[in-house]
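J.: All chains should be built: construct the whole structure from the sequences, respecting the hints.
When we follow our numbering, the leftmost residue of the sequence shown carries the number 1, and every step to the right adds one.
Hints listed in this document are in silico derivations from the structure and should not be mistaken for laboratory results.
Values in this document were obtained by computation on a predicted structure and should not be read as measured data.
A hint or two may mislead.
Claimed, not checked - Here are the computed lysine-lysine pairs in the DSS-like style, where the Cα-Cα straight-line distance is at most 30 Å: (1) K31 to K310; (2) K217 to K156; (3) K217 to K62; (4) K139 to K48.
Unchecked claim - The following label-pair restraints were derived from C-beta to C-beta distances: (5) L307 to T231: 38 to 46 Å; (6) I228 to L278: 20 to 28 Å; (7) E374 to E8: 20 to 28 Å; (8) K253 to K341: 45 to 53 Å; (9) K253 to M319: 21 to 29 Å.
All C-beta atoms in this analysis are idealised placements derived from N, C-alpha and C, irrespective of residue type, glycine included.
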Amino acid sequence: MSKRDYYEVLGVAKGADDQELKKAYRKLAMKYHPDRNPDSETAEESFKEAKEAYEVLADSQKRQAYDQYGHAGVDQTQGGFHGGEGSFSDIFGDVFGDIFGGGGQRGGGRQRQRRGADLQYNLELSLEDAVKGIKKTIKVPTYVSCDTCEGSGAKKGSSATSCGTCKGVGQVRMQQGFFSVQQTCPSCHGQGTVIKDPCRSCSGQGRVRKEKNLSVKIPAGVDSGDRIRLTGEGEAGGPGSVPGDLYVQVVVKDHPIFDRDGDNLYCEMPISFVTACLGGELEVPTLEGKVKLKIPEETQTGRMFRLRGKGITPMRGGMRGDLLCRLIVETPVKLNKDQKKMLRDFEEFLEGSKKQHSPKSNNWWNGVKSFWDEMTN
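T.: Below you can see the structure in the form of structure tokens.
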């Protein structure tokens with residue numbers, strides 16, 4: 001099945017900047033995260049699709065390759081750009097080198113050093129930890145270099161020997177008509193060496209399965225979609241290779257009070273009918289404690305108050321965001337008989353001056369009346 005366009009997956013335009021990409025991915029990640037949809041295979045697939053799209057478009061090199069070549073430019077199975085391990089010139093150099101004798105390097109030398117697989121670890125954080133920064137210890141199941149043979153794959157006291165097929169070059173040359181074709185050595189798989197007496201601990205693989213405990217420093221201001229790269233903490237690749245990298249993918253959990261949008265925070269605060277009418281002072285929660293907010297008289301539902309500098313400091317520096325509080329006038333509930341009577345008496349008291357005390361309601365009904373008049377004429 002063909003893949004969807006990455007821009008379409010994230011719902012952004014082709015010219016979207018980093019902030020737009022991050023915002024779009026954050027929404028999709030929170031919506032489709034497997035922990036929030038434990039019984040939905042569709043949600044899991046949508047989450048993986050969004051993550052794949054973001055990882056490509058958030059990387060300037062991968063994005064350039066994708067814009068020019070489409071999925072073929074970033075799909076490892078199609079020989080495209082992957083994991084930052086080279087460019088298209090590297091790939092085409094390998095292809096033509098194999099045919100005409102270059103082997104990806106001039107002079108028919110050994111293949112470039114292999115590399116272990118990169119890993120990804122999804123780390124959930126509270127909003128408070130994401131805003132302030134924190135150091136976390138994570139457990140990562142992976143392949144590590146074998147301690148017994150120190151990653152060589154050979155039994156202790158022995159060592160790998162030069163491959164007899166390719167004479168240590170890692171490649172063999174075959175004559176096909178007028179062409180001299182150079183290919184990876186089938187005996188040593190390009191390593192140039194073979195292990196005759198393998199290590200018993202790792203069966204000659206040079207690596208073993210293990211759970212690593214790693215300390216990760218999370219910088220202040222991270223958001224869902226941000227990745228932290230730990231160089232060399234990925235999988236060990238076996239003899240003659242270097243380990244891959246570990247990418248810690250941040251997912252910020254929902255907060256019971258605040259919603260985050262970039263560097264700003266939002267919250268809704270209920271106020272009583274009396275406070276809305278007469279004004280007053282409220283204590284507003286922030287991530288650093290309480291602050292007082294003065295409520296003016298005649299405040300209506302939906303009015304927004306901005307508390308400057310009470311949001312989030314950007315991870316890469318800059319002006320701190322704001323906290324925006326939206327006030328919701330709460331209608332009294334579960335009134336007793338006497339309370340209801342008092343409200344009815346109050347309404348009757350205002351009956352003759354509704355135009356003055358309820359201007360929005362009066363204007364709205366005047367508009368409705370005009371609409372009905374036009375409909376009937």
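J.: Decide, hint by hint, whether the structure agrees.
T.: We went through each hint and held it up to the structure:
no.	hint	in the structure
1	K31 to K310	26 Å, holds
2	K217 to K156	37 Å, violated
3	K217 to K62	26 Å, holds
4	K139 to K48	22 Å, holds
5	L307 to T231: 38 to 46 Å	40 Å, holds
6	I228 to L278: 20 to 28 Å	50 Å, violated
7	E374 to E8: 20 to 28 Å	43 Å, violated
8	K253 to K341: 45 to 53 Å	47 Å, holds
9	K253 to M319: 21 to 29 Å	26 Å, holds
The structure fails hints 2, 6 and 7 (numbered hints given earlier, in ascending order).
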